[in-house]
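Given next are the chains, with one letter for each unit.
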Amino acid sequence: MVETVIKIAGVSKTYGENKLAVDNVSLSIAKGEFLTIIGPSGCGKTTLLRLINGLADFDSGNILVMNRHMHEWDKVQLRRSIGYVIQNAGLFPHLSVKQNMQFVMSISGIDEDIQEKRAHELADLVEIAVSQLDEFPGSLSGGQQQRVGVARALAMKPQIMLLDEPLGALDNVTRRKIQIGLQKIHNKTGATFVMVTHDLKEAFTLGTRVAIMNKGRIEQFDTPDNIREKPATDWVNQFILDY
Amino acid sequence: MNGTNPDSAIDFFITVYQRREYLYELLIQHFVLSLTAIFITMVIGIATGILILRYKGIRQIILGAVNFLYTIPSIAMFGLFIPLVGIGFVNALVVLVIYGLLPMIRNTYTGLSEVDTMYIDAAKGMGATPSQIFFRIRWPLAFPTILSGFRTMVVMTIALAGLASFIGAGGLGQAIYRGINTNNSSLILAGSISVALLALVTDMIIGFFEKRVRSRKLHSRRNKLFTSFAALFFILIPLLLFIYNSRATRAERSSEIVVASKPTAEQYILGEIIARLIEERTSIPVKRTFGIGGGTSNIHPAMLSGEIDIYPEYTGTAWLFVLKNKKITNPDTLFDKLSDIYNNEYQLSWVTRFGFNNTFTLALPEATALAEGLTSISDIARVSNRFTFGAEFDFFEREDGYPGLSESYSLEFRRVVEIDINLKFNALENKTVDVINAFSTDSRIRQMNLRTLRDDKNYFPAYQAGIVARNETLNKYPELKSLLAKLGNTIDDNTMLMLNYEVEINKKSPERVAADFLKSKGLIK
Numbered sequence: 752m753v754e755t756v757i758k759i760a761g762v763s764k765t766y767g768e769n770k771l772a773v774d775n776v777s778l779s780i781a782k783g784e785f786l787t788i789i790g791p792s793g794c795g796k797t798t799l800l801r802l803i804n805g806l807a808d809f810d811s812g813n814i815l816v817m818n819r820h821m822h823e824w825d826k827v828q829l830r831r832s833i834g835y836v837i838q839n840a841g842l843f844p845h846l847s848v849k850q851n852m853q854f855v856m857s858i859s860g861i862d863e864d865i866q867e868k869r870a871h872e873l874a875d876l877v878e879i880a881v882s883q884l885d886e887f888p889g890s891l892s893g894g895q896q897q898r899v900g901v902a903r904a905l906a907m908k909p910q911i912m913l914l915d916e917p918l919g920a921l922d923n924v925t926r927r928k929i930q931i932g933l934q935k936i937h938n939k940t941g942a943t944f945v946m947v948t949h950d951l952k953e954a955f956t957l958g959t960r961v962a963i964m965n966k967g968r969i970e971q972f973d974t975p976d977n978i979r980e981k982p983a984t985d986w987v988n989q990f991i992l993d994y
Numbered sequence: 091m092n093g094t095n096p097d098s099a100i101d102f103f104i105t106v107y108q109r110r111e112y113l114y115e116l117l118i119q120h121f122v123l124s125l126t127a128i129f130i131t132m133v134i135g136i137a138t139g140i141l142i143l144r145y146k147g148i149r150q151i152i153l154g155a156v157n158f159l160y161t162i163p164s165i166a167m168f169g170l171f172i173p174l175v176g177i178g179f180v181n182a183l184v185v186l187v188i189y190g191l192l193p194m195i196r197n198t199y200t201g202l203s204e205v206d207t208m209y210i211d212a213a214k215g216m217g218a219t220p221s222q223i224f225f226r227i228r229w230p231l232a233f234p235t236i237l238s239g240f241r242t243m244v245v246m247t248i249a250l251a252g253l254a255s256f257i258g259a260g261g262l263g264q265a266i267y268r269g270i271n272t273n274n275s276s277l278i279l280a281g282s283i284s285v286a287l288l289a290l291v292t293d294m295i296i297g298f299f300e301k302r303v304r305s306r307k308l309h310s311r312r313n314k315l316f317t318s319f320a321a322l323f324f325i326l327i328p329l330l331l332f333i334y335n336s337r338a339t340r341a342e343r344s345s346e347i348v349v350a351s352k353p354t355a356e357q358y359i360l361g362e363i364i365a366r367l368i369e370e371r372t373s374i375p376v377k378r379t380f381g382i383g384g385g386t387s388n389i390h391p392a393m394l395s396g397e398i399d400i401y402p403e404y405t406g407t408a409w410l411f412v413l414k415n416k417k418i419t420n421p422d423t424l425f426d427k428l429s430d431i432y433n434n435e436y437q438l439s440w441v442t443r444f445g446f447n448n449t450f451t452l453a454l455p456e457a458t459a460l461a462e463g464l465t466s467i468s469d470i471a472r473v474s475n476r477f478t479f480g481a482e483f484d485f486f487e488r489e490d491g492y493p494g495l496s497e498s499y500s501l502e503f504r505r506v507v508e509i510d511i512n513l514k515f516n517a518l519e520n521k522t523v524d525v526i527n528a529f530s531t532d533s534r535i536r537q538m539n540l541r542t543l544r545d546d547k548n549y550f551p552a553y554q555a556g557i558v559a560r561n562e563t564l565n566k567y568p569e570l571k572s573l574l575a576k577l578g579n580t581i582d583d584n585t586m587l588m589l590n591y592e593v594e595i596n597k598k599s600p601e602r603v604a605a606d607f608l609k610s611k612g613l614i615k
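Chains A and B, in that order, give the protein sequences. With the first letter of the first sequence counted as 1, position 178 gets the number 929 in this note's numbering; the numbers rise by one all the way through. With the first letter of the second sequence counted as 1, position 524 gets the number 614 in this note's numbering; the numbers rise by one all the way through.
Keep in mind the hints are simulated off the structure, nothing from the lab. Do not rely on the hints blindly, as some may be mistaken.
Stated by the list, open to error - Calculated from the model, a selection of chain A residues having no Cβ within reach of chain B, i.e. all distances over 12 Å:
#	residue
1	Val756
2	Gly767
3	Thr925
Unchecked claim - To give a feel for the contact side, a few chain A residues facing chain B, derived at Cβ under 8 Å:
#	residue
4	Arg830
5	Arg831
6	Gly841
7	Trp986
8	Val987
Please read these numbers as outputs of a predicted model, since none were measured by experiment. Here a beta-carbon is modelled for each residue, glycine too, at the ideal position from N, C-alpha and C.
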């Protein structure tokens, strides 16, 4: 039987008075899966991602992460056990590459020797030269920054990685390279990846399964092949065609 | 008159050399005051900046309030706090802190609030606690902005501390202030340059530090060392100095006598005569707070509160200004009444009178006086329609000033001009005005060869200089009263004018002139 790592059941989230961001969404994400979430901007995909690590609260429904209900989690502990990669990497400009990679370890009080060793492993994993560890993010290229962003999220060897449009700002060549890199890392680590993207090709290339969202709802949740062959709704069909 | 001849550069260096100990002492005072204020401002400013970041409700109120306080003229601010904290170090400190708060709070708040939410979100998403987010992300990212606010505040505080001498808190401003009031441009220059240098050097140190912060090289070993030094400089040193300072003053305050003076050459000399005599003839420690801005209006309240023990005052000023009575022409009646009221109402004693009367007079060039045959004010009334009269604005407002004078003598000048008190002699010299009001012991009367006109209708009240002391102090040190009484009738009008001349024209220090005087009278060795 496939082990479920994240279970989202009938979750809704409203912003302000009546802006429904996530509307009765249910998803079961299996261990080791690479799930991509795609949809037009404002469809609620980023919000859905933030519900998983508790950066946003839901109004109704239920979310289980690693078999624990959201309300049972200490939010700080939850977030430390989930890797989080944001748009444009979001590296802290006042910290060196190494310090960025070590951030979660550092705030968790991990021994400095271990931090040092791990930084070198991570540099190796995301293909960043050791000589660049003491540089500051400002001197890195966009692609390098995003690699460091991924390394930073991987520092604590999390079982789950959440990636919020991590490649959105990169040129096509770099983007392709990092996509391959992400796939490698996914294979090596065996972690569950949940990635939000607005690029259909990327979603279909990387995703073992793809969730297509529209207006806060899941239109279809299936493998890329099944979606391509049997679009569940007219809207999905149109969405694929438009692309 | 001064500062325009080629010798003035040499004068300047001679002044700096001769007064090096005095200037050094002022520099230290300035340093201690500024750094203490900087430290307190930094702590309060940063704390408030953080507070208003968290509590939106009070943000506008606090920012509005510091903005408003910032717009109050600094001189007024020093004055406003006299009733609350008296004069001196604490008053200066309070005012400096209040002014420094605006740049400090504003930059702290702006810096912290303008940190890109992306970083906050990233840190939060990675499991940073609120305090970790603050100390590891928000604070370091805001630091350059906070540092530039700090830099503004530091330079401003050092410059503004130059005004602290106005309320008797010392500092380099005292040299400037004393220079202005004793007509000594070298001293003004020495004080100004020192303040500017102090501000400049401090600004450079912080600027150097700021550059390193911006280049994000703070984490190297050498820079950590440098940062520690900077921290030591701005936190530890003022703290130690402050503690040392307050301990020293607490120990001495119980026994020391505070002698004050107003900011005129004459008052500096008289204050120094009193202080020196006590020092030489008794073992009582003396503290000098000379040149208090605002004169009587700030010294009298400090006498009542016990912050000042002794100062030289003029009978007419006490009678008209402190007691707000109608003028009395007989000087002895005036003194007797004054002594009674001071003793009964204020527990202050008029110990003795020096012997001279520094009252108002009208002055004009000797040549004009000869040509027109003028010896009294009545004489000038005859020709007043051809003359222009100049005086400081105060003279047109006071009880014994121009309105009464022109009425008594039926003066009708062709034109009446308001001029700054220190510039009216210049105006007379370059013939912008023909007649000015003057104090009868002003050295410039002699220097410019002016004739003073006799007050033949006894319009001006007596301004006999005397010594006012707190009864409590006199009782505590019984030897004091008879000692001070020895100064009675030792200085006549001409002697006082000559003493002023030595300071204002011959540029001798008030300390030296006072000492020479006391020696010549055999009062000290």
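Subject >> Beyond 12 Å from each Cβ of chain B, as asserted for Thr925 (chain A) >> reply: Non-interface label on Thr925 (chain A) holds, nearest chain B Cβ at 20 Å vs cutoff 12 Å.
**OP:** With chain B as the partner, please determine if Trp986 (chain A) meets the hint condition of a C-beta pair closer than 8 Å.
**Re:** Violated: closest Cβ of chain B sits about 31 Å from Trp986 (chain A), beyond 8 Å.
Original post:
With 8 Å as the cut and Cβ atoms as the points, is Val987 (chain A) at the interface with chain B?
Top reply: violated, 30 Å
**OP:** Quick one: work out the minimum CB distance from Val756 (chain A) to chain B and report holds if it exceeds 12 Å, violated otherwise.
**Re:** holds, 18 Å
Subject >> Non-interface claim for Gly767 (chain A) versus chain B (Cβ beyond 12 Å) >> reply: holds, 18 Å
Original post:
Holds or violated: is the Cβ of Gly841 (chain A) closer than 8 Å to a Cβ in chain B?
Top reply: Cβ of Gly841 (chain A) sits 4 Å from chain B, so the hint holds.
Original post:
Taking the closest Cβ pair, is Arg831 (chain A) under 8 Å from chain B?
Top reply: holds, 3 Å
Original post:
Measuring from the C-beta of Arg830 (chain A) to each C-beta in chain B, is the shortest one below 8 Å?
Top reply: holds, 4 Å
Hints 7, 8 from the earlier list are contradicted by this structure; the remaining hints agree with it.
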